[in-house]
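Peer 1: Order-wise, the sequence lines are chains A and B. Final position of the first sequence in our numbering is 581; the numbers increase by one with none missing. Final position of the second sequence in our numbering is 581; the numbers increase by one with none missing.
If you're looking for bench data, these hints aren't it; they were derived computationally from the structure. Please note that the accuracy of each hint is not assured.
Now the in silico label distances, taken between C-beta atoms and shown as ranges [stated by the list, open to error]:
(1) B:Arg-450 with A:Asn-417: 42 to 50 angstroms
(2) A:Leu-371 with B:Arg-534: 29 to 37 angstroms
(3) A:Leu-476 with B:Ala-492: 20 to 28 angstroms
On a predicted model such as this, the values are computed, not experimentally measured, just so you know. Every residue, glycine too, gets a C-beta built ideally from N, C-alpha and C.
There are 2 protein chains.
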Amino acid sequence: MTTRPPGLRERKKQATREALREAALRLAVERGPDQVRVEDIAEAAGVSPRTYNNYFASREQAIVAAVTADREARIAAAVAARPAGVRLADAVTEAVVEQYTNTGEREHEALLLITTRTTLRDAFLDATADIEPPLTAVIAERLGDTGAHTARVLAASVAAAVRIALEDWLRPTRNAEAAGSFGAGGLVVPSGSLPDQLRAALAPLAPALDAAERPTQP
Amino acid sequence: MTTRPPGLRERKKQATREALREAALRLAVERGPDQVRVEDIAEAAGVSPRTYNNYFASREQAIVAAVTADREARIAAAVAARPAGVRLADAVTEAVVEQYTNTGEREHEALLLITTRTTLRDAFLDATADIEPPLTAVIAERLGDTGAHTARVLAASVAAAVRIALEDWLRPTRNAEAAGSFGAGGLVVPSGSLPDQLRAALAPLAPALDAAERPTQP
DNA sequence: AGGAAAGTTTGCGTGCACGCACTTTTTCTG
DNA sequence: CAGAAAAAGTGCGTGCACGCAAACTTTCCT
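Please model the complete structure; the sequences and the hints are all you need to start from.
Peer 2: Right, dumping it as structure tokens:
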């Protein structure tokens, strides 16, 4: 795979990306998220505003990326690290929980910031989708080439479940408007800790993960 | 629930929404999607540009909405229509296939248009997420109040699977760049008919749907 | 080494999303 | 039925995303 000497080009690119992430988060913390313009971030990172959005599609993505970092890769690695003996469902669940709870002090502070603005909250939730491609890869590896298609669906479902868990987690108050006109019962569980939310959201998918792991038709 | 006489207000609102959808699609077909500005659509529908995006968040959404119409509601209704005896997995799968294949002539023409522009393609795929809330409601109804949380996860997973099916379907040519750096095998199945794609994508979720339907622990 | 090819950054221009404050229309209530 | 309250539409201004084409840097190949 891509195991070539990274090359000067690529290293500079990553450096620029990190510089932008850092600058975005720092400025957002210093002066409140609404007082930061793309121009400011670009200037702080030493590139032009135009270059900024060769790296990030929106203003919010840069700020969120500083917290998210490369969680996608870490989750995929964590799944791959589990011995082949354990259930796929368990491997995935534990990897996810692990990577979402190992949160540093600085990240926690940033999360508080994120929850204050709807646009940041949304960007944060959207970032969940990034785990899908790497997750597809590791799951596909477990299932063999015949399950490549299945792997994509499962990875997407896991991503969706994680997103839901996060949604519920960072919404202590308002709880309506979730389901359609029905309301679907009305109550939405008083939102426990993040690990609990994650496990609860992933649990319904366990049967699907188990089934995929079995050769073909039992 | 919302079973009040709709009121003049609401009716006008829906009329405006439909007028915008219609105008957007018509203009896009007439003069190619890139030659249509929001201002044009708004004018054709008899509202101000500012009002336009009280209804649609992006230029593309209006065009896509003309094709999508209220498919969400139809899918939910189709699921609800199945007798309570059939497996949930079957009810959902058939409802989805049914609503995505009952496509009129005009819709088919519009789909061709959509595939020509990446931004429209993306908007079309994003519209898939709209089925999630109504689907949550009908599934929750089947599972009873204890399964409200499960219902959300399953509905989201179904939506994700449908999205994947559509992605693959309207991409006859290019096939790389799907999974991470791995490539996950490389081949992605030569993309069959839409119903086949949908069934294939939903199949891996069947065990999860089955399990949810069983009382608690078998 | 040297030059061609591939990839990146940048300035410029256009159309758009969206907040705010204000007007108009519909609905609710006494 | 009248007036208050709520909601939708409108005009305006600001910052942003993104296409395009030109300048520049790194990489590749002979």
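Peer 1: Hint by hint, say whether it matches the structure.
Peer 2: Hints, verified against the model:
For Arg-450 (chain B) paired with Asn-417 (chain A), a C-beta distance near 49 angstroms keeps the hint of 42 to 50 angstroms intact. The hinted window of 29 to 37 angstroms between Leu-371 (chain A) and Arg-534 (chain B) holds, with their beta carbons roughly 35 angstroms apart. A C-beta distance of roughly 27 angstroms is found between Leu-476 (chain A) and Ala-492 (chain B), which places it inside the suggested range of 20 to 28 angstroms.
Checked against the numbered hints given earlier, the structure satisfies every one of them.
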